[in-house]
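**Student:** Position chain B with the ligands against the provided structure of chain A, taking the given hints into account.
Top to bottom, those sequences are chains A and B.
At position 304 of the first sequence the residue is numbered 304 (UniProt numbering), and the sequence of numbers has no breaks.
At position 276 of the second sequence the residue is numbered 276 (UniProt numbering), and the sequence of numbers has no breaks.
Be a bit skeptical, because a hint or two may be false.
[Unchecked claim] Lysine-lysine pairs mimicking DSBU-like chemistry, simulated, CA-CA at most 35 Å apart:
#: 1; chain 1: B; residue 1: K418; chain 2: A; residue 2: K112
#: 2; chain 1: A; residue 1: K112; chain 2: B; residue 2: K193
#: 3; chain 1: A; residue 1: K220; chain 2: B; residue 2: K434
#: 4; chain 1: B; residue 1: K434; chain 2: A; residue 2: K152
#: 5; chain 1: B; residue 1: K418; chain 2: A; residue 2: K244
#: 6; chain 1: A; residue 1: K36; chain 2: B; residue 2: K88
#: 7; chain 1: B; residue 1: K193; chain 2: B; residue 2: K88
#: 8; chain 1: B; residue 1: K127; chain 2: B; residue 2: K29
#: 9; chain 1: A; residue 1: K277; chain 2: A; residue 2: K220
To be clear, the hints were calculated from the coordinates, so they are not data collected in a lab.
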Amino acid sequence: MTAAQKDVVVCKNVWKIFGDRADEAMAAVRAENLSKAEVLDRFGCVVGVRDVSISVGEGEIFCIMGLSGSGKSTLVRHINRLIEPTSGDILINGTNVGDLGPEALREMRADKIGMVFQNMSLLPHRTVRDNIAFSLELRNVDAFTRTQLADKVIDLVSLQGYGDRYPAQLSGGMQQRVGLARAMAADPDILLMDEPFSALDPLIRRGLQDEFLELSRTMKKTTLFITHDLDEAIRMGNRIAIMKDGEIVQIGTPEEIVTEPADQYVSDFVAGISKLKLVFAHTVMQPVAAYETAGKTVPPVADCPTANPEDDLDTLVGLVVDQSNPIVIQDAGQTVGVVTKDALLHAIKGEG
Amino acid sequence: MTTPTETPFAEFAETNGAYYADVFLKIQKSALGRFHINTAALFGSFIWAALRANWTLFLIGFVIDLIALVNLSLYFKYAGAAIENADKEFLVNRYETWAQGHIISALVVFVLGRLLFGWLADRLYVKQYSKWRIDRATPSGFSLSRLGMAGLIVLLIVPLMLYRSSQFAPDERSCIRQDRAIAAGEEVPFKAKFDCFMIGEFPTLIWIDRPDKVTYPRDDNGERTVLRTPAREGAPPVTLSTFVADKIDNGIGYLTVFYGVFFDGITVFLRVMLNAISAVFVGTPWMIAMGVLTFAAYAAAGTRIAVFVGVSLFYLAIFGFWQAAMDTLSLVAAASIICVVAGLPLGIWVGKSERGRAIFTPVLDVMQTIPSFVYLLPAIAFFSIGKPPGILATVIFAMPPMVRLTALGLQQVPETTKEAALAFGANPRQLLTKVELPLAMPSIMAGINQVVMMSLSMVVIAALIGAGGMGYIVTEALENTETGRGILAGAGIALLAMMIDKVVQRASNKT
Ligand SMILES: Nc1ncnc2c1ncn2[C@@H]1O[C@H](COP(=O)(O)OP(=O)(O)OP(=O)(O)O)[C@@H](O)[C@H]1O
Ligand SMILES: [Mg+2]
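One chain only, chain A, in its complex shape:
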């Protein structure tokens, strides 16, 4: 992420409280900083989203993760205003979504935002092609163009030959792909994906993740990707936001989340995660000076395995096997640091 990138989706202090006495509850929360449980107890209202501020840059895949009920779906539904915030603003390309009139809102939903639903929500009475072309049909695109565009997206998600089937005739994974295709048919700038792969077996999921990464690299979509699976978040996300009880507890790159969990909740999430692909040489290496003050000397570079600072632990492990000398990290021909076997093992265990 470069700092110059422009923010496409911005949420500013978004709150959502469900229930008849939401406004009352909101005021009380502001005044007394009540917890989710206290609000439920006193007002019978559920705090869905609690003071969330995020900004997602152009072309970024921003993962939102958290346990069931932590408010992920609620948060993304605010972005195309399927839900009105109790307080706070949502900006898309600088436009406040809350200020749009009904017509402008429909236009924005149809042109700018595609959404994949947690439960797919395909229309059972329409064929796969008509499902995919649905958003185009809503915008009165003629049938011929519609079919052409839809067929193109069908190719994209590798559903060739299934255009004339009904959703019920497809497997769950294929339906997920139809959902994905439907979201992309109108070529939106923003994709909201609510656990799009959660109902799939690991193999199909893996395949779809790769397909999607491939697609999003080529098509440059700004994506908000919800998942409750950290592995998936790490694979997909440029950045990850971790939610708990409606609040965001940490935002960061996968490496930051894994190496510097903000609190116990995040550490528990991260505990089972393999660091091999997430942690890089530059974080675990010891500068040569520090290494030598400990009384050791770096053996001649020719006798040592060498690596780049950007290589991950997995690569380092491969290098160090059957070697007695430490790995020398070289950047542009210069030796910048040393990684010993011990340092590597500590890093893998997450004690770096």
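**Tutor:** Chain B with the ligands alone, transformed into the frame defined by chain A:
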């Protein structure tokens, strides 16, 4: 080792604890004899139940004995009447038959009832024990003090019941006469007054002065006017029912006289529509109509049903019901079309708007509970007789399922599906036409099927107000006791119904 008397069973039953401990234990072990009878209950009946504070059993036992007692009293009444009227042979015969019937009933009810009671007693009494285990405030044990309560109930009910069954009830007319006599200041014996009040029809409590008679004659300019003629001096008062009915008649009269144009307009519309439809069914030579209908059935529902339709039509034709059947079909078509065209938007409104639901749910509930021929009354009142009021009554009768099932279909569309459509930018109209209605289609189709079937049944009944068709043949057959012809026509109606049902159902399943 606890003896039975120390168990909670015995604590509950108190008197005779050992017996109940034994019985309850057997019940809990499912080891009670199939014909086990509680002797105390068999002889004590409701008195036993009262002593044990089991008021359910008390009621059962009391009602059994009361029925037996009333039958006994009726026996004495008719046996006495037979002796009194010994000179009239036909009366003697009748009374003796009745008397015999009642004495047999009395014995059978008493013996079988008591046996049933004895059999039920322990089986229900154990339930009271279970309740008592949970809540010790449940009455238990055996107490003479409860006899007071039981005695009071018996004293309140038994004498009146016996009196009622031993007397010949006065008829309503003589009671009204008697009421008038009392109003006129005559002396009436107490027994007559009591009989009218207690043992006849519910007494007329409210008398109202006879209201003005209202007519709507034309004045000199030919304009209608309202003319009130006061009731003649000294005319007897009327009952509440007569009074209110009279007011309703006046209201209907007023509407038909002064807003006749409106009703005439509707009549004309219905007639024009019906004529257009009849032109197809009735105006076509039978051969062509039969062929077209069979082919239509084939196109809509396939070969098997087309064969069925062809055979049914042939049946109708060969027994001479062709014209009548086509008349009926025209009426059904006209009524169904109106029901669907009017019911669909109404159903959408009810399904989508909170207010629509609040207004129409109770209305529909009431409409569906009213017996069908009651709908003939308003139709006659406003539109007189003939086919148009027949269609109108049919429409009112057959519309509710259309509204209800359309609304139901819309409400069953999953919230998430609607949300998805909105997320892709659907406007309310697109949401309705592209998502909600298609998803509600099976329910709407079921509604249409019901509308057609209910229309058919109502159109047959509407023959009573001159709608004609197959129903007319049946009513005619009823009047002239032409049973055979009535049965043939009835079978024809059944075939029509099956035909329509099968075709509509198949056709709707296809979509
Ligand atoms: N329409 C609603 N009315 C009331 N409460 C709601 C509503 N929608 C969501 N909630 C509440 O808001 C909270 C967050 O729900 P949300 O659906 O956003 O969770 P989630 O993180 O998406 O969970 P999952 O992983 O199970 O999908 C929950 O406590 C839920 O009960
Ligand atoms: Mg969710």
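**Student:** Hints first: check each against the structure and report whether it holds.
**Tutor:** Here is what the structure says about each hint:
1. Annotation: proposed proximity of K418 (chain B) to K112 (chain A) holds, straight-line Cα distance about 19 Å (limit 35 Å).
2. The suggested pairing of K112 (chain A) with K193 (chain B) is violated, with an alpha-carbon distance near 87 Å, which exceeds 35 Å.
3. Between the alpha carbons of K220 (chain A) and K434 (chain B) the distance comes to roughly 31 Å, so the proposed pair stays at or under 35 Å and holds.
4. For the hint pairing K434 (chain B) with K152 (chain A), the CA-to-CA distance comes to about 23 Å; that is within 35 Å, so the pair holds.
5. Our distance criterion of 35 Å between C-alpha atoms is met by K418 (chain B) and K244 (chain A), whose separation comes to about 28 Å.
6. Among the hinted pairs, K36 (chain A) with K88 (chain B) is inconsistent with the structure: their alpha-carbon atoms are about 92 Å apart, more than 35 Å.
7. As the CA atoms of K193 (chain B) and K88 (chain B) are separated by approximately 29 Å, the hinted pair is consistent with the 35 Å bound.
8. A distance of roughly 15 Å separates the Cα atoms of K127 (chain B) and K29 (chain B); the hinted pair therefore holds under the 35 Å criterion.
9. A threshold of 35 Å between alpha carbons decides the hint, and for K277 (chain A) with K220 (chain A) the separation of about 24 Å falls inside it, so the pair holds.
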